[in-house]
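Enquirer: Here the structure of chain X is known, so what remains is to put chain S in place on it, guided by the hints.
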Amino acid sequence: MTNKRFEELLNREIDGVATPKEIAELNAYLQAHPDSRQLRDDLHRLSGMLRKVEEVEPPAGLKSYIMAAVPQGRTDAEPRFSVVAWVRDLIATRTTFQYAYVFAAGLVIGVALYSLVAVQSTTMTDPANVTGSILFNSTVSFKDGPGFEVNLSEEGIQAEVQTKHSESLVVVDVRLQSQSDLALRVQCVQQRLRFKGYSQSRTIPANLTLFDSGLVMTSQGENHYILAFERSTVEPSEISFVFEASGAKLYEERVQVGQTRK
Amino acid sequence: MVDDDLKLVERTLKGDRKSFECIVEKYQKLVFNLALQMSRNADDAADITQSVFLKVYEKLSTFDPKYKFFSWLYRIAVNESVNLVQKVERREELSEGIATEEEMPDRSIGSQDTTHGVQEALLELDVPYRAVIVLKHFHDLSYQEIGQILDIPEKTVKSRLFTARTMLRTICQRRGIV
Chain X
0 MTNKRFEELL NREIDGVATP KEIAELNAYL QAHPDSRQLR DDLHRLSGML
50 RKVEEVEPPA GLKSYIMAAV PQGRTDAEPR FSVVAWVRDL IATRTTFQYA
100 YVFAAGLVIG VALYSLVAVQ STTMTDPANV TGSILFNSTV SFKDGPGFEV
150 NLSEEGIQAE VQTKHSESLV VVDVRLQSQS DLALRVQCVQ QRLRFKGYSQ
200 SRTIPANLTL FDSGLVMTSQ GENHYILAFE RSTVEPSEIS FVFEASGAKL
250 YEERVQVGQT RK
Chain S
0 MVDDDLKLVE RTLKGDRKSF ECIVEKYQKL VFNLALQMSR NADDAADITQ
50 SVFLKVYEKL STFDPKYKFF SWLYRIAVNE SVNLVQKVER REELSEGIAT
100 EEEMPDRSIG SQDTTHGVQE ALLELDVPYR AVIVLKHFHD LSYQEIGQIL
150 DIPEKTVKSR LFTARTMLRT ICQRRGIV
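Residue numbers (numbering that gives the first Met the number 0), protein chains in the order written: chain X, 0 to 261; chain S, 0 to 177.
Keep in mind the hints are simulated off the structure, nothing from the lab. Errors might be hidden in some of the hints.
Using 25 Å as the maximum straight-line C-alpha spacing, the simulated DSS-like pairs for lysine-lysine come out as follows [what the hints assert, rightly or not]:
1) S:Lys25 - X:Lys62
2) X:Lys20 - S:Lys157
3) S:Lys54 - S:Lys67
4) S:Lys54 - S:Lys17
5) S:Lys65 - S:Lys6
6) S:Lys28 - X:Lys62
So the derived list for chain S, only partly shown, Cβ under 7 Å to chain X, looks like this [unchecked claim]:
7) Gln27
8) Phe52
9) Leu124
10) Lys157
Note that the structure is a prediction, hence the values are computed from the model and not measured. For glycine and all other residues, C-beta sits at the position ideal for the given N, C-alpha and C.
In isolation and in its complexed conformation, chain X is listed as follows:
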């Protein structure tokens, strides 16, 4: 028996497809070549270890993350100009965040369109729908609102928050950098704002809890979120930002949104 034949028989045995005749042939070879027995034992042991590896559930929200990036309508018939594709091409040289930048940029524009539509729905908006309704509006302009920066050097946390608003929407741009698991609770203090959707770059948090007045994001590393809130009044409203780690509150900031930065 050649080495090639031995390799083939061993492969087949490990993969459970060897016939009794092939196993007998392999055993005969190993009788004559005891130095190869250890290899056979080791490869079987490795195979056993690999079999124990369990499948992992994809992160919650992965489907939304995927569908948000899928273009509306088929593009393989007649190529149309797409702002999303244009932006994606423009930033294609950036290896990180590339789809997320498109997503984030799309959300901002989508939110602008959304503000014109004035949806009365009482259900939470799927971010995919928000970003899906983008592209063709350029009439709504957002005004810069207040923001803040956080630098908790001991915990290795840096954050930058900036708000913008139109008559019907408040958009919050959150950039986070954290060396360990960080939870950020973003919540409307009064009933004047209702959480409508979000966009997120690259990392999908291990935990993302959405509710009517806001959301809690748990993440690690560098993240960029854009959150959209619907305004029920033109009066300024308050949003609280609570940074937590291991269940303990590290920092809280409250921001009056919906008023132009002075």
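Expert: Structure of chain S alone, referenced to chain X:
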């Protein structure tokens, strides 16, 4: 099941977004796990998964129904994983140099966690060898299916698989796993 896939593909091609969502729902776990096994990084795996389904959507009209949809999907998933993993590994080499074993304490595995250890050891295999191990051991594909996905003859699949296994054994011996 195969017929279901074809129906979903046909409907998607007619512009039914919901059908594509069903394809994503059905295969996201498979693609995510493949990407995770290739990269061992959940963020990269999520990016790869998104990228795979975008490519599937873009190229869906080129899918030949003579073949199994999942084989076609696998092929895209493997290619996207390989591309990203190679890109990341090149970037790491350029930015950090190749770390020595002593510099990677997080990669030295105790015998109490051999399953995790063997997964980490897989990362030391060159990507083509890693791919055959992943497809055979984690996805239980036949030699023929692996050949179709990787676009190599079945004979090459077998020899590459054997080489990959012996290389993995050497890495695991060095790490004290076998």
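Enquirer: Identify every previously stated hint that the structure contradicts and give their numbers, smallest first.
Expert: 9
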